[in-house]
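Whole structure, please, built from the sequences with the hints as guidance.
Protein chains: 2
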Amino acid sequence: MNPLIPPKENTLPLTSGGTYSSVLGTSVGVASAGIKGAERLDVAVLRAEGPAAAVTTVSTAAAACCRWTRERLPGMLRAVVVNSGNANAATGLQGEKDCFRMADETAKALGCDTNEIAVCSTGVIGVPMPMDRVLPGIRAAATEMTASGSDAAQAILTTDLRTKEASCSAAGIAVGGIAKGSGMIHPNMATMLGFLVTDAIVEPSSLQSLLEDVVNRTFNCITVDGDMSTSDTVILQTTGQGVVVETDTAEWDILTQALYSVCRHLAREIARDGEGANRLVEVLVEGLTDEEARVAAKGVIRSPLVKTAIHGCDANWGRVVGALGACQVPHLEELSLDFAGIPVVRDGMPVPFNETLATANLSQDEVLIHVRLPGDGIGRAWGCDLSADYVRINADYRS
Amino acid sequence: MNPLIPPKENTLPLTSGGTYSSVLGTSVGVASAGIKGAERLDVAVLRAEGPAAAVTTVSTAAAACCRWTRERLPGMLRAVVVNSGNANAATGLQGEKDCFRMADETAKALGCDTNEIAVCSTGVIGVPMPMDRVLPGIRAAATEMTASGSDAAQAILTTDLRTKEASCSAAGIAVGGIAKGSGMIHPNMATMLGFLVTDAIVEPSSLQSLLEDVVNRTFNCITVDGDMSTSDTVILQTTGQGVVVETDTAEWDILTQALYSVCRHLAREIARDGEGANRLVEVLVEGLTDEEARVAAKGVIRSPLVKTAIHGCDANWGRVVGALGACQVPHLEELSLDFAGIPVVRDGMPVPFNETLATANLSQDEVLIHVRLPGDGIGRAWGCDLSADYVRINADYRS
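Chains A and B supply the protein sequences, listed in that same order.
Each residue of the first sequence is one higher than the one before, starting from 134 at the first, in the working numbering.
Each residue of the second sequence is one higher than the one before, starting from 134 at the first, in the working numbering.
Simulated from the structure, these hints should not be mistaken for laboratory data.
Cβ coordinates follow ideal geometry from the N, Cα and C atoms, glycine included.
Example chain A residues on the side facing chain B (calculated, C-beta under 7 Å, incomplete):
hint: 1; residue: Ala194
hint: 2; residue: Gly259
hint: 3; residue: Ala521
hint: 4; residue: Val524
hint: 5; residue: Arg525
Next up, the structure:
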């Protein structure tokens with residue numbers, strides 16, 4: 134029996150070594166303010182002057198900075214100020230004031246209006262911001278502005294093991310970005326932040342639609358443990374130093390593909406770097422509608438039983454069927470399913486497979502769970518295995 | 134600062150040693166058919182002749198027996214036949230035929246119509262039923278009918294560590310029941326089954342409403358890992374040997390309370406017996422509407438970050454706030470929160486607490502997370518901590 138063949142993804146090649154600052158018109162400042170311990174970079178200022186868009190957490194416990202940012206975007210932006218080590222969440226009115234002071238300090242240093250600064254904070258919840266260290270850090274970062282995107286990628290990390298950076302360039306359109314993911318080695322840091330930038334000249338509301346579309350297909354399709362944070366934010370800035378790109382043009386498609394390619398890479402790197410994770414898992418659902426396929430893929434990648442099976446290199450396909458059923462996927466009597474390249478279900482019925490080969494395939498760095506059902510939709514989701522280390526990391530923080 | 138005082142629950146005392154067969158008019162047969170290994174009971178027939186109601190999984194991958202049962206109930210029933218060791222799920226047309234043959238064999242032995250038999254199967258997914266062993270097992274069980282509810286409670290177990298049984302009697306109304314839970318020590322057994330019976334005489338559609346209401350507040354409020362199975366079924370039978378109970382009467386309230394008391398006990402025992410679990414966790418949300426409070430309680434109990442924190446005896450209240458925010462709970466700026474009896478948040482702001490005392494309280498067998506928000510609703514949910522054993526149990530099955 135032949136394995137299913139995954140459809141080709143509409144991506145563009147990434148630039149080797151590319152990052153946020155690969156895009157013309159950006160400048161970056163970083164500092165070590167001592168929020169997450171001495172010597173570590175923990176403040177970044179990302180400057181790109183032009184229309185910007187943002188997507189933030191839908192949590193009703195959203196941090197002050199998320200509310201600040203979404204009140205201002207889409208709209209004109211001069212820079213983003215970010216700190217790691219403290220999320221400034223569940224900090225009440227003081228948290229709002231501190232968020233404002235961060236924007237204000239950045240604006241003063243850059244010589245612009247406070248309302249033209251977006252703010253992001255990631256780290257521990259429920260602890261007041263150490264403003265006596267944060268403000269000098271912001272001043273230091275915003276005064277120099279000679280750092281690289283890679284420095285900023287360092288400065289936004291909390292417990293991630295690796296920085297996440299990418300850029301892509303095609304037909305005179307450049308997109309770059311950095312991200313941090315759900316390391317969650319310390320508690321209350323289930324945060325993802327993404328900072329994207331393009332040199333394309335795009336009208337703010339189109340920029341917002343573009344960002345929402347791409348985030349929906351990338352960062353919204355990753356899960357480490359299904360928890361949503363109080364601080365998730367993705368911002369797309371523009372520098373205005375490239376070509377004008379209008380919707381419904383060939384250039385628009387290229388911009389969309391470039392942004393998707395960068396975000397897809399960053400999203401997969403976040404999933405791969407999930408705490409305690411040994412491997413990246415991709416769930417590909419072909420069939421249904423696009424939206425249904427995406428919901429199904431996310432349902433499978435979120436299932437702890439599927440995640441533990443993959444951790445144990447066990448081609449336990451019944452758990453995938455269970456997860457699909459649990460998220461109300463129809464037509465399972467016509468299901469075809471490959472587990473790590475091995476056909477395990479055809480037309481809703483189990484097919485015999487080689488367990489040794491399955492275990493070998495499941496031991497790879499990347500595992501594909503490929504679902505095919507009636508319909509023309511495609512949905513992808515990314516996650517990681519669930520290991521005993523995840524539990525250890527998250528249970529033993531204070532002991 | 135004083136801890137929050139939990140509101141009193143509207144429950145009736147349980148009968149010591151009570152079980153399904155404590156209710157007059159029931160009879161039980163069991164057998165060891167060799168489905169889950171020699172010597173272990175794995176078939177039960179639960180006889181109670183009268184109107185019955187059922188709630189089954191909403192999974193679109195529901196097993197054949199779930200579909201069989203819900204096509205017949207609410208309605209007249211003679212008996213339920215159950216087997217453990219094989220879920221008869223993802224077994225296609227053959228599975229449907231086998232389900233029918235199980236009902237038919239039971240009906241023949243009891244001398245009734247095949248349509249008056251409900252069928253439940255729990256165990257491994259995707260493996261054909263060993264009918265050569267199942268049918269003789271059913272004959273043996275249905276011929277004797279001299280076993281107890283406790284025997285049946287044994288026969289329905291898969292990987293649970295303990296049987297789950299209860300009964301309650303008040304004002305001439307008796308309710309009894311047994312259940313099995315989400316042991317999930319073997320894969321694909323994320324199944325809960327519940328078999329309830331009352332001697333009250335109740336009209337079928339009222340019985341169905343009663344069961345749905347109580348299941349919604351008990352079995353639907355427990356989670357071990359958030360996965361939903363292909364086989365979850367709860368059946369409420371009647372024997373007609375007691376008093377007539379009509380809706381909107383004082384007797385109806387007593388029947389409701391008795392059924393709630395039995396189901397609440399069984400649900401909590403399932404949560405406590407979750408695989409790898411060290412303790413029972415109850416989340417009590419006071420405020421919002423009843424429905425919103427229940428959704429919030431279930432959101433908190435489902436969060437892996439909350440579950441690992443409790444496993445580590447860490448009063449990490451930020452994770453509870455994160456989980457509440459993630460399920461869109463409003464008014465968090467007015468949140469009060471106690472963690473294992475210790476005030477940690479008042480009016481949305483952290484309050485200092487004694488970490489040593491918190492760790493001691495979190496080490497108990499039962500932990501209460503008590504949330505208070507504006508509103509008059511009450512919601513409760515039960516679950517367990519998430520341990521490294523959970524991962525080990527679920528990852529290492531085939532290795």
